[in-house]
Amino acid sequence: MSVTNESTPPLTPPSAQRRENRVRSQMWRQRATVIAFAGIAALVVIAILAPWIVPYDPNFSSIMERHQGISLRHLMGTDGLGRDTFSRILYGARTAVWTSFESVTLALLVGVPCGLLVGYLGGWVDRIAMRATDILQSVPSLIFAFVLIAVLGRGTAQTALAVAIVFSVILMRITRALTLRERELLYVDAARVAGLSRTHILFREILPNVVGPLIVEAAIMLGTAILIITMLTFLGLGLDASIVDWGGMLDETRQYQAVYPYAVLPPGLAIIFAVLMFNFAGDGLRDALAGKQRSTASRKQLRAARRADRVAASPAKAPKSSDLVTVEGLKIEFPGEDEAVLEILSNVSFSIRRGETLGLVGESGSGKSMTALALLGLVPKPGRVTAGSIRFGGRDLTAIPEADMNHIRGSEVSLIFQDSIGGFSPVHTIGQQLAEPLRIHHGLSEADAMKRVIELLDLVGVPNAANRVKDYPHQFSGGMAQRASIAMALSCGPKVLVADEPTTALDVTIQAQVLDLLGDLQKRFNMSVLLITHDLGVVAETCDRVLVMYAGEILEEGDVFQILTQPRHPYTRALLEATPRNDIRMERLPTIRGAMPAAWEWPVGCRFAPRCAYALPACTAAPVAFVNGVRCIRADEISRVGI
Amino acid sequence: MTRLIAVRVLMSVVSLLLVSAFVFALIQVSPVDPVVLALGDGAPPEKVAAMRHALGLDQPVIVQFVTWLGGVLQGDFGASTFTNRPVVDEIVEKFPVTLSLLIGATVIATSAGLTLGFLAGLQPDSMVDRVVTSVVAIALAIPSFWLALILAAIFAVQLGWLPVAGYVSFRESPSLWAYSLVLPCIAVSTHAIAVIARHARGVVVDVMNSPFIEAIRARGTPRSLIIHRYVLKNVLVPLLPVIGVQLAIIIAVSTVMEKVFVLPGLGSLMVNSVVSSDYPMLKGAIVVVASIIILINLLVDIGLGLLDPRVRPQ
Numbered sequence: 001m002s003v004t005n006e007s008t009p010p011l012t013p014p015s016a017q018r019r020e021n022r023v024r025s026q027m028w029r030q031r032a033t034v035i036a037f038a039g040i041a042a043l044v045v046i047a048i049l050a051p052w053i054v055p056y057d058p059n060f061s062s063i064m065e066r067h068q069g070i071s072l073r074h075l076m077g078t079d080g081l082g083r084d085t086f087s088r089i090l091y092g093a094r095t096a097v098w099t100s101f102e103s104v105t106l107a108l109l110v111g112v113p114c115g116l117l118v119g120y121l122g123g124w125v126d127r128i129a130m131r132a133t134d135i136l137q138s139v140p141s142l143i144f145a146f147v148l149i150a151v152l153g154r155g156t157a158q159t160a161l162a163v164a165i166v167f168s169v170i171l172m173r174i175t176r177a178l179t180l181r182e183r184e185l186l187y188v189d190a191a192r193v194a195g196l197s198r199t200h201i202l203f204r205e206i207l208p209n210v211v212g213p214l215i216v217e218a219a220i221m222l223g224t225a226i227l228i229i230t231m232l233t234f235l236g237l238g239l240d241a242s243i244v245d246w247g248g249m250l251d252e253t254r255q256y257q258a259v260y261p262y263a264v265l266p267p268g269l270a271i272i273f274a275v276l277m278f279n280f281a282g283d284g285l286r287d288a289l290a291g292k293q294r295s296t297a298s299r300k301q302l303r304a305a306r307r308a309d310r311v312a313a314s315p316a317k318a319p320k321s322s323d324l325v326t327v328e329g330l331k332i333e334f335p336g337e338d339e340a341v342l343e344i345l346s347n348v349s350f351s352i353r354r355g356e357t358l359g360l361v362g363e364s365g366s367g368k369s370m371t372a373l374a375l376l377g378l379v380p381k382p383g384r385v386t387a388g389s390i391r392f393g394g395r396d397l398t399a400i401p402e403a404d405m406n407h408i409r410g411s412e413v414s415l416i417f418q419d420s421i422g423g424f425s426p427v428h429t430i431g432q433q434l435a436e437p438l439r440i441h442h443g444l445s446e447a448d449a450m451k452r453v454i455e456l457l458d459l460v461g462v463p464n465a466a467n468r469v470k471d472y473p474h475q476f477s478g479g480m481a482q483r484a485s486i487a488m489a490l491s492c493g494p495k496v497l498v499a500d501e502p503t504t505a506l507d508v509t510i511q512a513q514v515l516d517l518l519g520d521l522q523k524r525f526n527m528s529v530l531l532i533t534h535d536l537g538v539v540a541e542t543c544d545r546v547l548v549m550y551a552g553e554i555l556e557e558g559d560v561f562q563i564l565t566q567p568r569h570p571y572t573r574a575l576l577e578a579t580p581r582n583d584i585r586m587e588r589l590p591t592i593r594g595a596m597p598a599a600w601e602w603p604v605g606c607r608f609a610p611r612c613a614y615a616l617p618a619c620t621a622a623p624v625a626f627v628n629g630v631r632c633i634r635a636d637e638i639s640r641v642g643i
Numbered sequence: 001m002t003r004l005i006a007v008r009v010l011m012s013v014v015s016l017l018l019v020s021a022f023v024f025a026l027i028q029v030s031p032v033d034p035v036v037l038a039l040g041d042g043a044p045p046e047k048v049a050a051m052r053h054a055l056g057l058d059q060p061v062i063v064q065f066v067t068w069l070g071g072v073l074q075g076d077f078g079a080s081t082f083t084n085r086p087v088v089d090e091i092v093e094k095f096p097v098t099l100s101l102l103i104g105a106t107v108i109a110t111s112a113g114l115t116l117g118f119l120a121g122l123q124p125d126s127m128v129d130r131v132v133t134s135v136v137a138i139a140l141a142i143p144s145f146w147l148a149l150i151l152a153a154i155f156a157v158q159l160g161w162l163p164v165a166g167y168v169s170f171r172e173s174p175s176l177w178a179y180s181l182v183l184p185c186i187a188v189s190t191h192a193i194a195v196i197a198r199h200a201r202g203v204v205v206d207v208m209n210s211p212f213i214e215a216i217r218a219r220g221t222p223r224s225l226i227i228h229r230y231v232l233k234n235v236l237v238p239l240l241p242v243i244g245v246q247l248a249i250i251i252a253v254s255t256v257m258e259k260v261f262v263l264p265g266l267g268s269l270m271v272n273s274v275v276s277s278d279y280p281m282l283k284g285a286i287v288v289v290a291s292i293i294i295l296i297n298l299l300v301d302i303g304l305g306l307l308d309p310r311v312r313p314q
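Line by line, the protein sequences are chains A and B. When you number the first sequence by the working numbering, it's gap-free, plus one each residue, and the end is 643. When you number the second sequence by the working numbering, it's gap-free, plus one each residue, and the end is 314.
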């Protein structure tokens with residue numbers, strides 16, 4: 001008997017309002033791109049039609065009408081020679097569009113085939129081409145263009161050619177990088193094996209696959225071309241003086257700066273408009289190609305989450321004297337899409353006893369690591385604890401100021417991670433980082449702290465500790481880095497050590513060594529350990545008690561012997577069955593069918609029910625309570641089945 | 001570290017040689033003949049030949065290059081074909097202007113860019129972040145030379161707070177020197193500020209979300225210490241090359257600033273030598289500008305080596 005996922009209603013059904021919001025936000029995302037393409041279309045139309053739509057000949061000057069303001073006769077006024085600025089701006093658009101398209105097209109025709117060939121051939125051809133272009137790239141484009149214009153001579157065609165050469169070098173490098181990546185893919189091998197010609201492979205097979213990013217690049221280059229050409233013309237090195245151009249117009253305004261300062265506005269704004277349109281179009285195309293969705297939560301969502309009332313914790317039971325940490329009704333929420341709130345942890349309660357090793361097991365995404373982070377007050381933003389308490393040393397860790405929490409972190413409660421190398425700053429020495437908790441929490445001097453760090457590294461079995469403190473994280477192996485992070489976690493004599501998958505990233509032999517070390521140190525320092533793992537073998541070896549977590553809830557709690565031999569929850573049972581054992585030979589290891597639902601689709605009833613072999617209709621009807629250490633209505637029957 | 005520096009210095013020298021050779025070769029293939037240009041179209045052929053010989057243009061290209069390079073190494077860039085003055089004198093005269101502009105712009109661009117990037121990146125999606133991101137987006141679209149014209153129109157022409165144009169050397173009057181550089185430095189660095197701020201914001205957000213920052217927080221390190229000890233250094237590593245590229249662009253764009261504010265620097269020297277096909281001058285100016293850029297890249301590489309142990313040769 002089973003219940004499928006579809007029949008269970010999602011936690012938060014999408015309302016019509018929410019759907020509408022989503023569509024609107026997607027429209028907004030695309031709006032900038034739509035406007036950009038409309039702007040470019042307008043530019044092109046103006047460029048083509050300029051001779052027919054301008055109200056005046058752009059070169060017709062009337063000395064009587066110098067520096068006229070804005071009027072119906074002259075929409076943008078007139079310049080120092082009495083020429084109509086509006087007509088000149090429109091003609092300038094014609095020049096800008098024409099010269100930029102000309103130079104970018106030429107650059108594409110040269111740069112792309114060269115890049116394809118160099119990237120495809122690789123080897124020494126590639127190396128020589130890259131060294132040569134490295135040199136060209138060490139000179140800024142504008143100065144490169146100066147040299148080219150000096151060589152080619154001044155003039156309109158020469159300017160476009162110079163800019164085209166500068167761009168073709170850039171395009172060649174981009175195409176080459178893209179081709180290098182494509183070359184390794186199977187379809188290229190297949191084409192080669194099929195005996196297709198090199199030209200065919202380059203232009204029919206590879207080119208269509210790299211054309212997307214190249215179009216993006218070309219769109220942005222069109223804007224840059226306008227910028228460079230107007231700059232060159234402004235400097236007197238670009239287009240012929242007879243051509244109406246925005247850069248030339250800006251140059252002319254300089255002599256009338258004092259009398260008529262507004263003249264700089266129309267050509268400048270025209271350049272900004274054109275450059276912005278091409279940039280937006282390029283960005284929009286890039287996003288569209290990447291299928292990018294903005295993932296940051298909107299301000300509205302964040303505000304809604306902040307507004308959500310802080311639910312009062314359920315009345316706390318008097319903590320037992322043997323309990324060091326007591327977690328009660330802990331709930332952690334994240335703002336989801338469209339103002340929904342995702343509950344990542346729901347009503348999690350447990351305690352860690354003095355000197356014990358408590359295992360926390362479950363699949364990835366079940367909320368194990370979130371629980372660990374919550375113990376140190378490190379729930380990543382925008383998530384937050386919305387209910388419950390974490391009692392430790394007479395205080396509630398969910399409600400104390402950040403400065404006080406800093407005194408507890410690394411000193412009374414320590415954390416070690418799965419990725420120990422990634423847990424160190426790559427540009428600071430191991431010694432410097434290990435010494436930090438001792439200096440902060442115990443106020444040791446640098447020299448004393450370093451002495452202690454060396455002792456600790458010796459203790460955790462890092463050979464040659466006195467020299468290794470000067471090393472950087474990348475010089476440590478995974479096992480040694482994990483030993484170092486254990487040394488740091490222990491340095492201030494913590495009462496609780498939270499170990500989040502401490503051995504998952506290590507080789508099997510190193511795993512055993514690190515677990516043994518942890519066990520030794522725990523006895524020596526008389527700490528409690530919360531060991532988070534998905535490996536039941538590790539649990540069997542090291543833990544006193546076990547918590548089983550699934551989809552943000554604790555499903556079962558018990559001592560290690562009971563959990564491993566007589567599980568009372570079907571999920572625990574399924575986990576055990578999916579663990580390889582060497583006393584029973586079987587053809588195939590059973591797996592748990594289906595996958596854990598994501599936080600936004602957690603069922604209303606038992607969260608495991610959709611995957612449970614023992615589920616009844618009652619399981620999906622309403623949430624199941626946690627009674628006597630298990631969250632299952634059929635716990636008694638299941639415990640009798642045995643493993 | 002010594003090895004890293006030695007290797008980088010060697011590579012820089014090679015780059016400089018290659019850039020020089022490239023510029024030299026390009027000018028060789030130019031259809032413009034500087035001798036004909038200098039003497040005029042109708043000059044008698046024997047006069048042209050004499051000048052060719054005097055300038056060494058009748059020698060094989062390789063010999064010309066080696067002769068020129070030998071001169072350059074001794075500080076002799078030849079004489080301008082336009083003014084007949086030694087190129088090196090002109091460059092020495094113009095260099096302080098370019099250097100002043102570059103240093104001023106570097107200070108403004110890096111300090112403002114990093115400050116804005118950190119302000120925005122340390123509190124993503126906050127009001128500050130939104131304001132900084134919008135301002136940066138606008139600044140990226142404004143052409144520097146237009147901004148320069150606008151700034152000059154407002155602060156120099158209309159308000160009269162700062163000089164419209166001209167350069168006063170530091171030796172003459174430090175305060176007037178500073179005054180004459182304020183507007184050009186701001187105008188030339190605005191785009192760089194925006195680029196650096198945009199990159200810095202992204203890198204700060206990435207670093208703040210990296211697992212090691214979480215691990216460092218778990219040690220109980222206070223936020224202020226995390227930011228100035230760990231985030232700053234980790235952010236600078238990917239940002240140094242970005243800053244290096246921006247400085248090279250600042251040098252290029254300062255040619256335009258020199259025109260707007262009438263500053264006698266290397267940029268105007270280059271532009272004028274292009275206009276007058278003064279090749280010895282152009283070659284000299286380009287070699288000097290390329291040297292500055294290559295030196296900047298060298299400093300960036302050495303800085304990276306100091307900051308990041310992973311790039312040091314083992």
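Hints listed in this document are in silico derivations from the structure and should not be mistaken for laboratory results. Here the structure is a predicted model, which means the values were calculated and not measured. Even for Gly, the Cβ is constructed at its ideal location relative to N, Cα and C. Where hints are given, some of them may not hold.
Said to hold, decoys possible - Listed next, the stretches of chain A that the computed footprint assigns to chain B, with coverage defined by at least 3 CB atoms under 8 Å from CB atoms of chain B:
1. 247–258
2. 269–281
3. 357–371
Claimed, not checked - Below, in silico cross-link-like pairs of lysine-lysine (DSS-like), each with a Cα-Cα straight-line distance of 30 Å or less:
4. A:Lys470 - A:Lys495
5. B:Lys47 - A:Lys451
6. A:Lys495 - A:Lys331
7. A:Lys470 - A:Lys451
8. A:Lys451 - A:Lys381
9. A:Lys381 - A:Lys470
10. A:Lys451 - A:Lys495
11. B:Lys47 - A:Lys470
12. A:Lys381 - B:Lys233
Each hint tested on the structure:
Judged by the Cβ-Cβ criterion of 8 Å, the region 247–258 of chain A is covered by chain B as claimed, because 5 of its residues qualify and three suffice. Look at the region 269–281 of chain A against chain B: 5 of its residues bring a Cβ nearer than 8 Å to a Cβ of that chain, three or more, so the hint holds. With a threshold of 8 Å between beta carbons, the proposed coverage of the region 357–371 of chain A by chain B is violated, since 0 of its residues qualify and at least three are required. Restraint check: the Cα-Cα separation between Lys470 of chain A and Lys495 of chain A comes to about 29 Å, which is no more than 30 Å; the hinted pair holds.
Simply put, Lys47 of chain B and Lys451 of chain A have alpha-carbon atoms about 83 Å apart, too far for the 30 Å limit, and the pair is violated. Between the alpha carbons of Lys495 of chain A and Lys331 of chain A the distance comes to roughly 24 Å, so the proposed pair stays at or under 30 Å and holds. For the given pair, Lys470 of chain A sits about 13 Å from Lys451 of chain A by alpha-carbon distance, which is consistent with the 30 Å threshold. Annotation: proposed proximity of Lys451 of chain A to Lys381 of chain A is violated, straight-line Cα distance about 37 Å (limit 30 Å).
Pair hint Lys381 of chain A plus Lys470 of chain A does not hold up; C-alpha atoms about 34 Å apart against a cutoff of 30 Å. In summary, the hint linking Lys451 of chain A to Lys495 of chain A is supported, as the alpha carbons are separated by about 23 Å, within the 30 Å threshold. Only pairs whose Cα atoms come within 30 Å are accepted, and Lys47 of chain B paired with Lys470 of chain A is rejected, the gap being roughly 72 Å. Between Lys381 of chain A and Lys233 of chain B the alpha-carbon distance is near 23 Å, which keeps this suggested pair within the 30 Å criterion.
In terms of the numbered hints stated before, the structure departs from hints 3, 5, 8, 9 and 11, listed from lowest to highest.
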